[in-house]
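Asker: The residues making up each chain are set out below.
Number of protein chains: 4
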Amino acid sequence: MSNEKSFEQRVRDSFEKQSFMKTIGAELTSVQQGYVEVRLPANSGLLQQNGFVHAGAVSAIADTAAGYAAMTLLPQLADVLTVEFKINLLSPARGEYLVARGKVIRSGKQLSVSSVDVFAISGGEEKCVATLLATIAHRS
Amino acid sequence: MSNEKSFEQRVRDSFEKQSFMKTIGAELTSVQQGYVEVRLPANSGLLQQNGFVHAGAVSAIADTAAGYAAMTLLPQLADVLTVEFKINLLSPARGEYLVARGKVIRSGKQLSVSSVDVFAISGGEEKCVATLLATIAHRS
Amino acid sequence: MSNEKSFEQRVRDSFEKQSFMKTIGAELTSVQQGYVEVRLPANSGLLQQNGFVHAGAVSAIADTAAGYAAMTLLPQLADVLTVEFKINLLSPARGEYLVARGKVIRSGKQLSVSSVDVFAISGGEEKCVATLLATIAHRS
Amino acid sequence: MSNEKSFEQRVRDSFEKQSFMKTIGAELTSVQQGYVEVRLPANSGLLQQNGFVHAGAVSAIADTAAGYAAMTLLPQLADVLTVEFKINLLSPARGEYLVARGKVIRSGKQLSVSSVDVFAISGGEEKCVATLLATIAHRS
Numbered sequence: 053m054s055n056e057k058s059f060e061q062r063v064r065d066s067f068e069k070q071s072f073m074k075t076i077g078a079e080l081t082s083v084q085q086g087y088v089e090v091r092l093p094a095n096s097g098l099l100q101q102n103g104f105v106h107a108g109a110v111s112a113i114a115d116t117a118a119g120y121a122a123m124t125l126l127p128q129l130a131d132v133l134t135v136e137f138k139i140n141l142l143s144p145a146r147g148e149y150l151v152a153r154g155k156v157i158r159s160g161k162q163l164s165v166s167s168v169d170v171f172a173i174s175g176g177e178e179k180c181v182a183t184l185l186a187t188i189a190h191r192s
Numbered sequence: 053m054s055n056e057k058s059f060e061q062r063v064r065d066s067f068e069k070q071s072f073m074k075t076i077g078a079e080l081t082s083v084q085q086g087y088v089e090v091r092l093p094a095n096s097g098l099l100q101q102n103g104f105v106h107a108g109a110v111s112a113i114a115d116t117a118a119g120y121a122a123m124t125l126l127p128q129l130a131d132v133l134t135v136e137f138k139i140n141l142l143s144p145a146r147g148e149y150l151v152a153r154g155k156v157i158r159s160g161k162q163l164s165v166s167s168v169d170v171f172a173i174s175g176g177e178e179k180c181v182a183t184l185l186a187t188i189a190h191r192s
Numbered sequence: 053m054s055n056e057k058s059f060e061q062r063v064r065d066s067f068e069k070q071s072f073m074k075t076i077g078a079e080l081t082s083v084q085q086g087y088v089e090v091r092l093p094a095n096s097g098l099l100q101q102n103g104f105v106h107a108g109a110v111s112a113i114a115d116t117a118a119g120y121a122a123m124t125l126l127p128q129l130a131d132v133l134t135v136e137f138k139i140n141l142l143s144p145a146r147g148e149y150l151v152a153r154g155k156v157i158r159s160g161k162q163l164s165v166s167s168v169d170v171f172a173i174s175g176g177e178e179k180c181v182a183t184l185l186a187t188i189a190h191r192s
Numbered sequence: 053m054s055n056e057k058s059f060e061q062r063v064r065d066s067f068e069k070q071s072f073m074k075t076i077g078a079e080l081t082s083v084q085q086g087y088v089e090v091r092l093p094a095n096s097g098l099l100q101q102n103g104f105v106h107a108g109a110v111s112a113i114a115d116t117a118a119g120y121a122a123m124t125l126l127p128q129l130a131d132v133l134t135v136e137f138k139i140n141l142l143s144p145a146r147g148e149y150l151v152a153r154g155k156v157i158r159s160g161k162q163l164s165v166s167s168v169d170v171f172a173i174s175g176g177e178e179k180c181v182a183t184l185l186a187t188i189a190h191r192s
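Residue numbers (the working numbering), protein chains in the order written: chain H, 53 to 192; chain Z, 53 to 192; chain B, 53 to 192; chain V, 53 to 192.
Bear in mind the hints are in silico, worked out from the structure with no lab data behind them. Treat the hints with caution; some may be incorrect.
Because identical chains share one entry, a pair is satisfied inside a single copy or across any pair of copies.
[As the list claims (entries may be wrong)] The list that follows gives simulated cross-link-like pairs (lysine-lysine, BS3-like), each with its CA atoms no further than 30 Å apart:
{"id": "1", "residue 1": "K161", "residue 2": "K179"}
{"id": "2", "residue 1": "K57", "residue 2": "K155"}
{"id": "3", "residue 1": "K74", "residue 2": "K179"}
{"id": "4", "residue 1": "K57", "residue 2": "K179"}
{"id": "5", "residue 1": "K57", "residue 2": "K74"}
{"id": "6", "residue 1": "K69", "residue 2": "K161"}
{"id": "7", "residue 1": "K179", "residue 2": "K155"}
{"id": "8", "residue 1": "K69", "residue 2": "K155"}
{"id": "9", "residue 1": "K69", "residue 2": "K57"}
Small disclaimer: the values here were computed from a predicted structure and weren't measured.
Okay, chain H solo, but in the shape it has when bound:
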């Protein structure tokens, strides 16, 4: 009998421990090899001064998607820690909800690099509102 968890289970267990994701209302909506999606309803507690979703909230889900996308390609027990990221806010983040779609573009021994696009969904239409590039460290 194996104690091994699937990469999806490891990501879901770790996400559950992130109290900040609960605070903002984010959900993990897809976990595949090298790809993770995080969904955030654009609720009224997440806004900046003009009524758009705050860059910090956009960054939070994008960073989470970046890190967990990296984790899906790592061995059991390996954790991930964001070293740094850069985000361009392309358009005001408004709509019913946001979706951050993160994919790994390099998975090395000690570091991964992930790229994430964040989309705002409004009336069934998607618009890319931000793009993030992150460097993730592996911890065992």
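Given the structure of chain H, go ahead and fit chains Z, B and V onto it with the hints provided.
Answerer: Same frame as chain H, now just chains Z, B and V:
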């Protein structure tokens, strides 16, 4: 009788409109020309999977400090919008609270550049846990 | 009779004025709407201490591709100026030559955002060695 | 008799191997613990379309200063490799020469973070024209 507001009042009024700062519990603790400080108690709803403050929450206060530092140097009615930022997470963000200290390093006609250091305070000691470099657009 | 130049001609004329591209031996190999390609033979004067192409030379062609991709979507006479960029060096840049492929991901009124992948070509095989994300200002 | 080299000698030996620094005419002007300075005469082969020093040349000396500043704090035989950097071009880079001043802001086990300011010197006056933030990997 003038309707002019001081730069400090303009920043404080705008900060009040950011529901996300209330949601995470952030306060504006200093507003000077070219300099803004935002304080964030490290409460239990802001954490990532290892119990450190989430990079998204760290980014949120750093981005806010960056933008409002830029606003202090702009004329009446000008608003600020983050174009992009890059953040390096230097050490785990843990302690009683965080302080983001943002200063303007270039204030141009259409764009400002701000630099922010984020410190974790624990038992009266400060440690720099993150540094952010942001490009801010001016909107009139 | 019109004095108007095609976007391709404008980009090619501007590239000709960049003495640094001549110094390193870079060539403009494709100019399309929203897309520019710059090719750099990996000659022996471009290396860092381990014999890979220097990150500065990789950045130079990536930045040039980013800016000119933005220029292809702008009106006559508009010039471009890099505000900032971030580059991840994914793998050692070695091979016969490098190709930087830049595309615009947002073309606004005052700013563009371009994304560039740099590939190393060796024995007919391509490998992505760097990715860059740049913010470009428009000047008239 | 020891074979140990001082950190300064290690940095100078490595710099000598960078053919790209010779090609652009850069010199290593100061090597201290946690600090490195690189000087670049603004010669006519380094320019972009408006006659300013090309962002790629600015980045090249800034990246070199970042990496070698990190190396000064590492043990014998450790080499450095840039993982990523972000640079803001604050003002047109023109003058007699540029100086990149890099200092380490975090020196970890596997990674360092360096911050670099680049100044343009003209008629004895200095102006900060760019600021760079880099993540450096250690290789043994």
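Asker: Against the structure, test the hints numbered earlier, and report the numbers of the ones violated in rising order.
Answerer: The structure breaks only hint 4.
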